[in-house]
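We have chain A already, so just place chain B on it with the hints.
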Amino acid sequence: MSTPALEVRDLRFSYPDGHVALDGADFHIHPGERVALLGPNGAGKTTLLLHLNGILTPTSGSVRVAGLEVTEEHLQEIRRRVGLVFQDPDDQLFMPTVRKDVAFGPANFGVGGEALEHRVVSALEAVGMIDAIDRAPHHLSLGERRRVAIATVLAMQPEILVLDEPSSNLDPAGRGELAHILTGLDITMLMVTHDLPYAARLTRRALVMNHGRIVADGPIEKILGDEDLLAANRLELPYGFRERES
Amino acid sequence: MSGPHGHALYLHGATRLHRLPAVVKVAALLLFVAAVVATPREAFGSFAVEAVLVAFAIAWAKIPARFVARRLLIEVPFVLFAVMMPFLGGGERVPVGPLMLSREGLWGAWAILVKGTLGVSASILLAATTEVADLLEGLERLKVPRLMIAIAGFMVRYLDVVAGEVRRMRVAMASRGYAPRWAGDAGPMAAAAGALFIRSYERGERVHRAMLARGYTGTMPVFDQEPPARSDWLVGMAIPAVAWVASLAGWVLR
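Chains as they are written, first to last, in the working numbering: chain A, 1 to 246; chain B, 1 to 254.
Calculated from the structure, these hints are not laboratory results. Where a beta carbon is used, it is the ideal one built from N, C-alpha and C, also for glycine. Mixed in with the good hints, there may be bad ones.
[Stated by the list, open to error] These stretches of chain A come out as covered by chain B in the derived footprint (C-beta under 8 Å, 3 or more residues):
#1 104-115
#2 145-159
[As the list claims (entries may be wrong)] Some but not every residue of chain A turned toward chain B, in silico, with C-beta under 10 Å:
#3 I29
#4 G32
#5 L75
#6 Q76
#7 R80
#8 V82
#9 G83
#10 F94
#11 M95
#12 A136
#13 P137
Chain A with its partners taken away, still in its complex shape (with noise of 0.2 Å):
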């Protein structure tokens, strides 16, 4: 088999007001997979993204990307291989312009010139949005900023994509060009979402994650289909997705 995209091994982690947030999370994702990381809130899936690119520093534990441990002398490498969407796009958009908030990113991993700009002009391309490109983030909508943000990250070109609830606080116009967005990509991707048909849509395969760990591993069909699973980790689908409808 191939070296993992992402390999997390017995992560366990703390916050210093001792709160136990993951407790031995286990998984590997392969390269050119798309995975869904269900649960509840609480569950530390956030914290998970957070040790992905090394933000947080695990207790004990370890993480690989693309056979790279995390560590503190690998951390520009592995921050260039995983790309981290943050869910509020106001967070992750701080420059004054769209063009170079893109190039940010790549401009830190020693880009420049003309690859720079060709970076920043095929990101912004892949998410539809290069029309924006000399606008200001905070005259673009909540779904143009969320694209915006993807292609930050995209013009990192990381071995793995990460989003964290990219489809919260969406019309459904903008969840479903999003989808449509995030179909086209070609890269390995790690979703955190609540939206269960979204998952659906996007994922063939989905971890189920509480109180610190993987809880159920499988294709997703597999996952959404086990009522009881689902109602054990405060997960449900919307009503009408049902086969018992209560």
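Frame of chain A; chain B shown alone:
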């Protein structure tokens, strides 16, 4: 949110002045203001020339006089100070109508008024013809430290976000019957200001994380910029050049 185009001080347009590179405009503004400040206060002719220059540039950029006049209100605190000077100034007193005013104070007030108004008008012109992003880039070219430019950029970027939070908090307070009538009712507002500070601080932490996630190591990246053309410099420097001639003439002809 402010309008689809730029900040509140910006007036969308396509004149030569709008298209001039920001670095040229910032440099021209600095030189112009320096010329105004250096003009001797007795040189009425020089001030007249400088006023005509500003008026000409404002007309050239197709900025309505009312737009400039409204924004000149920012000068009011200085005007109030200037108005007090003839009353409070010492030295020789001269009759002005029924009042006996300080001669030195009158000159001081005049100097503040004329120099302030010229400088503020020119600054309004710069803001009205330049997008914030270009302005920041212009400052970068003028070798203003990148950290300061980044701070200014963040301020502009997050102004709308924080203003939006203030608006939502006020709506939430009003929805639960909070209608302050006098200063004593301001307690909840103070608590809200505290909450806003915490929220903004937390946002700062999240933004910092997002920066780290994209390889930020403590210095902002440098982006290539096209240098301004020679013709841009010639056009931009014409006005401050004339202003300096007027200012120096004021000294010579005194």
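If you test the structure against every hint from before, which numbers come out violated?
3 and 4
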